[in-house]
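Asks: Residue numbers (the numbering used here): 1376 to 1640.
Note that these hints are calculated values from the structure, not bench results. One or more hints might be untrue.
The following label-pair restraints were derived from C-beta to C-beta distances [said to hold, decoys possible]: (1) 1412 x 1546: 17 to 27 Å; (2) 1500 x 1538: 15 to 25 Å; (3) 1484 x 1564: 31 to 41 Å; (4) 1510 x 1571: 16 to 26 Å.
These figures come from a predicted structure and were not determined experimentally. All C-beta atoms in this analysis are idealised placements derived from N, C-alpha and C, irrespective of residue type, glycine included.
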Amino acid sequence: MYPDVVDLRSFYTKPLGRVARHVIGHQLRNVWPNVSGMTVAGFGYATPYLRPFLGEATRVLALMPAEQGVVRWPTDGPGLATLADETHLPLPDECVDRLVLVHSVENSEALRALLRQAWQVLAPGGRLLIVAPNRHGFWARRDKTPFGHGRPFTRMQLSELLRGAMFTPTLWRSCLFVPPFGVRPFIRSALAWERLGRISGGRFAGVILVEAAKQMYATPPLAVENGVRRRLTAPVGRLAPGNVTGNVTGRAGSATMPHSDHKTD
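Construct the entire structure; sequences and hints are all you get.
Replies: Right, here's the structure in full:
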């Protein structure tokens, strides 16, 4: 079950949320240092981590689950956020170069369908990045933060999940070692906790980041959608993104892929 978008937004305005955004965002940016000319999308509550890509990527889009709700983003300029059904993302096939799932896989009630949708919207050579709570970490045990909701994962579980969805894990990161308490001593020493955690091997990190590449098969397995079996055909070339109309603050459905040229919220 997805947390309410109001609670997610509130968390990221607090000191502990700002630490999480900085630490995770730093790792994400290291994985994707250059997205110039690309289409970048996020599903779940990814806006705290998508903002650095505004003004660099050709397009940036934030998809938020209908069960979670949506907030306007960015706060100025054209809205780039829309509601979406996790079993039917409102995007053309093969139109996204980079897709990040945050506050998503641990809360999804249709995870296999969500990953199938991720496979379909990613372009050949595209990359998926999942940010998930670490089952061995302290953050997964404290429900005062969004990372304490839903089901946490181990690396092995994420690897099996991705391979079963026709993705190949290509890179792993662990971060957020600071204890999940918003008290001043921990907040001030957050970077020191990160250094110590990396030295210790990362087992007790708060979150796991995994980047995965889309596998290309000539005859992917049959998928079942709404009781109808159909074959996911392997892409031949890349399709140009198409425009699909929709209401940013309305019900889950379709969305326009707008150009973004804003560097701030």
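Asks: Indicate, hint by hint, whether the structure satisfies it.
Replies: To see whether the hints hold, each was checked on the structure:
Our hint of 17 to 27 Å for residue 1412 and residue 1546 holds, since their Cβ atoms are close to 21 Å apart. The given range of 15 to 25 Å is respected by residue 1500 and residue 1538, whose C-beta atoms sit roughly 18 Å from each other. For the pair residue 1484 and residue 1564, the supplied restraint of 31 to 41 Å holds, since their beta-carbon distance comes to about 37 Å. For residue 1510 paired with residue 1571, a C-beta distance near 20 Å keeps the hint of 16 to 26 Å intact.
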